[in-house]
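In the order they appear, the protein sequences are chains A and B.
Quick note: the first sequence uses the numbering used here, first residue 1, plus one each step.
Quick note: the second sequence uses the numbering used here, first residue 1, plus one each step.
Among the hints, erroneous ones may be present.
Covered stretches of chain B, going by a simulated chain A footprint (3 or more residues, C-beta under 8 angstroms) [unchecked claim]: (1) 49 to 56; (2) 106 to 120; (3) 255 to 268; (4) 296 to 306.
It should be emphasised that the hints constitute simulated quantities derived from the structure, not laboratory data.
The structure displayed is predicted, hence computed values, not measured ones.
Here a beta-carbon is modelled for each residue, glycine too, at the ideal position from N, C-alpha and C.
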Amino acid sequence: MDIFIQQIINGLVLGSIYALVALGYTMVYGILGLINFAHGEVVMIGALTALTAIGLLLPAGLPGPMLVLAGLLIAIPVCMAVGFTVERIAYRPLRHAPRLAPLITAIGVSIVLQQLAMIGWGRNYHTFPALLPTAPHQFAGAAITDLQIIIVLTAAVLMAGLVWLVNRTRLGRAMRATAENPAVARLMGVDVDRVISFTFVLGSALAAVAGVMVAANYSIAHYAMGFMLGLKAFTAAVLGGIGNLGGAMLGGLLLGIIESLAAGYIGDLTGGFLGSHYKDVFAFFVLILVLVFRPSGLMGEKVAERA
Amino acid sequence: MTQHVPLRPLSVLAAACMLAACGQQSDAPAPSASVAADAGGATLTVRLGHVAPLTGPQAHLGKDNENGAQLAIDDLNAEKMLIGGRVAKFELLGEDDQADPRQGTTVAQKLADAHVHAVIGHLNSGTTIPASRIYHDAHIVQVSPSATNPTYTRQGYKTAFRVFADDVQQGSVLGAFAVSTLGAKKIAIIDDRTAYGQGLADEFEKAARAAGASIVTREYTTDKETDFAAILTKVKSTRPDLVFYGGMDTQAGPMARQIKTLGLAVPMLFGDGGCTVEFHKLAGDAAEGNYCSLPGVPLEQMAGGNAFRERYKAKYNSEIQLYAPYAYDAVRVVAEAMKQAGSTDTDKFLPALAALNYPGLTAQIQFDEKGDIKDGAITLYQAKSGAWQALETMGGKASN
Chain A
1 MDIFIQQIIN GLVLGSIYAL VALGYTMVYG ILGLINFAHG EVVMIGALTA
51 LTAIGLLLPA GLPGPMLVLA GLLIAIPVCM AVGFTVERIA YRPLRHAPRL
101 APLITAIGVS IVLQQLAMIG WGRNYHTFPA LLPTAPHQFA GAAITDLQII
151 IVLTAAVLMA GLVWLVNRTR LGRAMRATAE NPAVARLMGV DVDRVISFTF
201 VLGSALAAVA GVMVAANYSI AHYAMGFMLG LKAFTAAVLG GIGNLGGAML
251 GGLLLGIIES LAAGYIGDLT GGFLGSHYKD VFAFFVLILV LVFRPSGLMG
301 EKVAERA
Chain B
1 MTQHVPLRPL SVLAAACMLA ACGQQSDAPA PSASVAADAG GATLTVRLGH
51 VAPLTGPQAH LGKDNENGAQ LAIDDLNAEK MLIGGRVAKF ELLGEDDQAD
101 PRQGTTVAQK LADAHVHAVI GHLNSGTTIP ASRIYHDAHI VQVSPSATNP
151 TYTRQGYKTA FRVFADDVQQ GSVLGAFAVS TLGAKKIAII DDRTAYGQGL
201 ADEFEKAARA AGASIVTREY TTDKETDFAA ILTKVKSTRP DLVFYGGMDT
251 QAGPMARQIK TLGLAVPMLF GDGGCTVEFH KLAGDAAEGN YCSLPGVPLE
301 QMAGGNAFRE RYKAKYNSEI QLYAPYAYDA VRVVAEAMKQ AGSTDTDKFL
351 PALAALNYPG LTAQIQFDEK GDIKDGAITL YQAKSGAWQA LETMGGKASN
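In isolation and in its complexed conformation, chain A is listed as follows (with noise of 0.2 angstroms):
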């Protein structure tokens, strides 16, 4: 039974991380229909560079936490006016263009933003010091760390913040109604294309915290962390309904459990057959299984109706 929570706990942190880079991708996809596949880069741009930020701090002695959060408050703003410059250059332009340009698009500034980060931080990985308490707590027989908390608690905290920007002010109204249609919203005065910026902003500010967990988490940070993670997180938008906000926070959750819980259980389940190697196959499977029961994610009302 410790094992099966200690497996929760891992999926919960995991999952956290997910669901705030899930987010981005989501509210993206919400407002243009773009599958922003650049997304899982800011990420990396934002553990680097509060990488960069910390190791220039370091010798200031400032506290642990205090470091980081200096990385973090470094970081949120070059993420920030990086995905802002990437929607101005790369997706601005092709607003009227078919679907499939800016989403080669997308993928064409993924690999140039990798490339330009190995140029700038080199091809090796970094190593995120130590500077949050990592001693583990028991707890029911499982273990939970200090930062493992702050990140569960910092990612719900901002998603409770999203849901109550989007839902609750001026601009949330503005964003929902370009959802809904940016050419009646433009007539009702919305200024569309500021929408659309915030949006890019807003995602890439969760994606530098996003990847200032990820690096303080696992302690490493490197030019290619942002590939795989983007695909998970994009993964989670779909399996919990892409567009939706609720779905991409459930469906992060939902990804990072279903990951731990098949890495620990597969092998025993299948005999041996399948191993913890498999974990991927296995969340990939599931996704397979909503996508055919229910095409528009678990949480998505109808299929896809901007598509």
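Chain B: place on chain A using the hints.
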């Protein structure tokens, strides 16, 4: 339909042009390559291919290999070695296989098409094995500085050599060490499902079982993963007293950290892939007390090892990661064989390479009939105060 008809003659014409152009292109490199080798009178250009992952998670190791090989090339050019009476000018053609078997065969074909005289590489067993077939078919000598999977030299290819002990030797030393020296009775094994990681883990498992230990669980990950929480939780539930990992440092480092985070207080043991400077960086405090093995003797014990380290540092402004001295030797043995045979022709220098007895940087290098190094030494290390401290060396003859 009617719109397409006028286009058809044009497209046929375009296709014909492309075919013609392709034909010319593929003919072009072959003569120029042989011209480069034969002409020039006084100098002879020797082109060596080098393949290792230069991008991706193992890029730091790949670059390390390439640096080691380049250092040998620089030395050879400075020495003005004579091959068949002509001064040899060595060139290194560096390729990137991304540690990916598919990419490995693509670049192998590229080097074969470029008619290189020999290939140094690849770094990983997973890329070396499929590529070795291409080099064999193209009759190109291949010397891997670091691929340890036994299969590589057991396919009956006369062109395949390595200057590093293989996993059968390493796995059996590790298994015996785990059980008799460390006293491990219950061992958990994790591998990264690559030809290297899986091969080494299999050999280790055999040796550990033979020595009387029980394998409590066998878990798997990939060579790109950074999250091991789930599999380590499973490992923890089996209460092992040692965790063996078959894979590279980029996984071993974070894994050591996560073992600590989970409150699993057992040491890790792994092979050469994790036995790097990078491991300490990646694992941080969690590096302490873990064990690894490395074919060959410690660099300090190599004749000229310290001098090599200094030169490497001076030129590349970084520490040697792992295999650079072996990549250096791989280039040197090929050059030596060419010198002895007086030719860069594979038919001539291949027998010389097979019969070579050369005092290399890493060891006295002699190959057995398979192309493996004879009497390969294996050294065990433990992580102490941020560095690998040599514990004991088994087998092998140091160069003199």
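Verification of the hints:
Interface restraint, the segment 49 to 56 of chain B with chain A: holds (3 residues with C-beta to C-beta distance below 8 angstroms; minimum three). With 0 residues carrying a beta carbon less than 8 angstroms from a beta carbon of chain A, the segment 106 to 120 of chain B misses the three-residue requirement, and the given coverage is violated. Three residues within the 8 angstroms Cβ limit are the bar, and the segment 255 to 268 of chain B against chain A gives 6, so the coverage statement holds. Counting residues of the segment 296 to 306 of chain B whose C-beta lies closer than 8 angstroms to any C-beta of chain A gives 0; at least three are required, and the coverage claim is violated.
In this structure, the hints that do not hold are numbers 2 and 4, in rising order.
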